[in-house]
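Could you put the whole structure together from the sequences, leaning on the hints where they help?
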Amino acid sequence: MAVDSGHNSAAGVETPAGGSNPLASDPELLNDFILESREHLTTIELQLLTLDQDPGNAEAIHAVFRGFHTIKGMAGFLDLDAVRDVSHEVETILDLARNSQLAITPAVIDGILESKDYLGRWMGALESMLAGGQAPEGLDNQALVAAIRGLAQPADGTGLTPAEECAPPSPGPTETVAPPEAPATSGLLELAREVAAPPPEAAEAAPSVSAEALETPKAAEPSQLTARSIKVDTGKLDYLVDMVGEMVIAQSLVRHDPDLASSMKPRLARNLSQLARITDEVQRTAMSMRMIPIGQLFQKTARLVRDLSRKASKQVDLELAGEDTELDRNIVEELADPLMHMVRNAVDHGIETPEERAQAGKAPTARVLLKAGHQAGHIVIQISDDGRGLDQEKILRKAREKGLIEPDAQLSEGEIFNLIFHPGFSTADKITDVSGRGVGMDVVRKHVQKLRGRIEVQSTPGQGTTIVMKLPLTLAIIDGLVVAVGSQRYIVPLFAVREMLKPAEDAISTIRGQQEMAMVRGTLLPLIRLHRRFQIQPRFEKPWESLLIVSESGGRQFCLMVDELIGKQEVVIKSLGESMQNIPGVAGGAILGDGLVGLILDLEGIFGAGGSGHPGSGL
Amino acid sequence: METILATAPVNAPQKTDQRAGKYLTFQLGNEEFAFQVLRVREIMGVQEITAVPQTPGYVKGVINLRGKVIPVVDLRLKFGLPEQEYTQRTCIIVVEIHSDAHKHLIGVIVDAVSEVITLQAGEIENTPDFGNGVATPYLLGMAKIKGKVKILLDIDIVLSAQDVQGLGGF
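Line order of the protein sequences matches chains A and B.
Under the working numbering, the letters of the first sequence match residues 624 to 1242, in that order.
Under the working numbering, the letters of the second sequence match residues -13 to 156, in that order.
Bear in mind the hints are in silico, worked out from the structure with no lab data behind them.
In this text the structure is predicted, and so the values were computed from the model without any measurement.
Check before you lean on any hint, since a few could be wrong.
Derived BS3-like pairs (lysine-lysine); straight-line CA-CA distance at most 30 Å [as the list claims (entries may be wrong)]:
| # | chain 1 | residue 1 | chain 2 | residue 2 |
| --- | --- | --- | --- | --- |
| 1 | A | LYS859 | A | LYS1073 |
| 2 | A | LYS1021 | A | LYS1073 |
| 3 | B | LYS89 | A | LYS1073 |
| 4 | A | LYS1069 | B | LYS89 |
| 5 | A | LYS934 | A | LYS1021 |
| 6 | B | LYS130 | B | LYS64 |
| 7 | A | LYS923 | A | LYS1073 |
| 8 | B | LYS130 | B | LYS8 |
| 9 | A | LYS994 | A | LYS1073 |
| 10 | A | LYS923 | A | LYS1093 |
| 11 | A | LYS859 | B | LYS89 |
| 12 | B | LYS89 | A | LYS854 |
Okay, structure coming up:
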């Protein structure tokens, strides 16, 4: 490959590395390599999935080729022979493919995906080596290299053209990267970039990328992103957002300072409101820096769907919508697991085999739709399939067997569907290696609740299941009601609050002399006195003198009794620190307007700890 | 947070010679105790503390330390001494606790802060055997200065995370 030195203009940052090959052990360099390779691997996977749909997509082949080529080059002078060899073999295959000497079959894609996974494992091993010092080993590439070489042989006649002459089994490197001479002289990173510079055809290909972008925006996203973005340590970003949150509070402290208010002159007032506007803007910008499109997460599920459906011989089309919806990076990370579980469930349980579908008069290819969008200050993520739907009878039977509900309990549709979120609940008749152990949905709900979100299931027998997750835009700030109990102030997360009321005296009843209930709009709801839970002295002992907050937690409603409402406030959530992480009923702390700390309530914990006869309430 | 903590040079005081160094001494009842100065972040007067439910009695609650929420422990109660009204001299010493790979801050309420002393290795004695199987892992050692014994505390053990969280629950 032509080492194009026109691309090193951006590189002169790193100090030149001296010596024969200290490169391989330079942690900074390795780290760069890992970061960059991971990026390439992500692109590779994405493009491979495109190829899976459209084997003739030349641009996708080029993109995959470029990725492997760059990794090969960098691995070459980092002395990572195993990585280099695998990349090299894949590159050979891809070279054949782009010269139309090899057809891209699912088998070829499997092989390349496997190589991509192998390289991914290497990155993980290198990373742990950097962290712990253990040199990576035990990542044998022999079998993989052989398997990939095997792919190059036109085995079953699917190859388009006589490939023998053009594809010798172990060809010399199509392009030799030139590692040996350079390291001593030029900066290593420069070298890396030179080698990593896109091969000439990339330049020609660029226009077609943007043309393609019109049809499939997601495919072009990575290249657009790299063009105008920089990498920042996420820790710094989190710290910035934290500090900006503090600044907003400090600003409001100054603004509402009683001493200042008494001597407020027009100029001061003007300047203060100017300051308020600016801090607001800074906060918004800081928050937006942590936002990433959810599309990256959706792409990961594309791979999962492909693997699963091939394994289960089902035909599944994954449709994505709203991939450019942005949300907090931390939420995206937390979402990865539940999303995987749900997609897995949909493909494994929800969707029938093509035969079953044909019998039911449906198209043989099933549809799984992943959709994201904004709704009233929240992110809504929806997963629907057009499979067999949830079997209410089966769920009820299972729940009775497991003793989750009374044998003669009458449940609404929503309550029945909620049963699937119970730990250990699975209606699958047999356990596959994919799912059916009944851990999935339980984990999903835990995650979603941790993100302060809500999850709902809708299902129609024979027509499919839809799961809707509603999540906050960010984890850093929460909208809360500040309430008082005795001398203490607490923050009730607004997302869990249905309504607030002062009950009439006759709306309160007691069951069996212990559990208090409140009649709210015709429904009896359990009444929980916050002061009893937290053992503090309240100002009002009688429920009809205090305020009831009708809250929802884990699909059930209850009334939380507090003395009074102080106000509504946006607060920055703070951890109470390592030593106070698992206090039942307390989700965290926040600095209130007067600079003191207020505790944010964890309603799940408060309700669950009551022992009021409701099973599985999260503790 | 990263930046604050990263600037603090950390030398774990395990061996006898490593115990030498500067100590901040403070009073608790009739005794003089000491923390390593390197672990002390700041000293402040007692301020309003937000109580946290379901924590052991010696955990007084949490305070706002310039935007960070940190727990506060009353060392008197922690050591089983009788509770006392806070006075003008009562202080919160904010110390940095190391547990595993993490560092976090905890406020410690003491009767009064005395002074900073420099201890040579020779001035530090090992904790005497109290017999009777009394475990004293939280003591780094003892030092006798001007006829008075100062008890050197290992804050990582005295204020370990499990301890602060206590048994919690109901």
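Do the hints match the structure? See the list:
1. LYS859(A) - LYS1073(A): holds, 23 Å
2. LYS1021(A) - LYS1073(A): Holds, at roughly 27 Å.
3. LYS89(B) - LYS1073(A): holds, 24 Å
4. LYS1069(A) - LYS89(B): holds, 28 Å
5. LYS934(A) - LYS1021(A): holds, 27 Å
6. LYS130(B) - LYS64(B): Holds - the C-alpha atoms of LYS64(B) and LYS130(B) are around 24 Å apart, at most 30 Å.
7. LYS923(A) - LYS1073(A): holds, 22 Å
8. LYS130(B) - LYS8(B): holds, 14 Å
9. LYS994(A) - LYS1073(A): holds, 21 Å
10. LYS923(A) - LYS1093(A): holds, 20 Å
11. LYS859(A) - LYS89(B): holds, 17 Å
12. LYS89(B) - LYS854(A): holds, 26 Å
Violation of the numbered hints given earlier is absent; every hint is satisfied by the structure.
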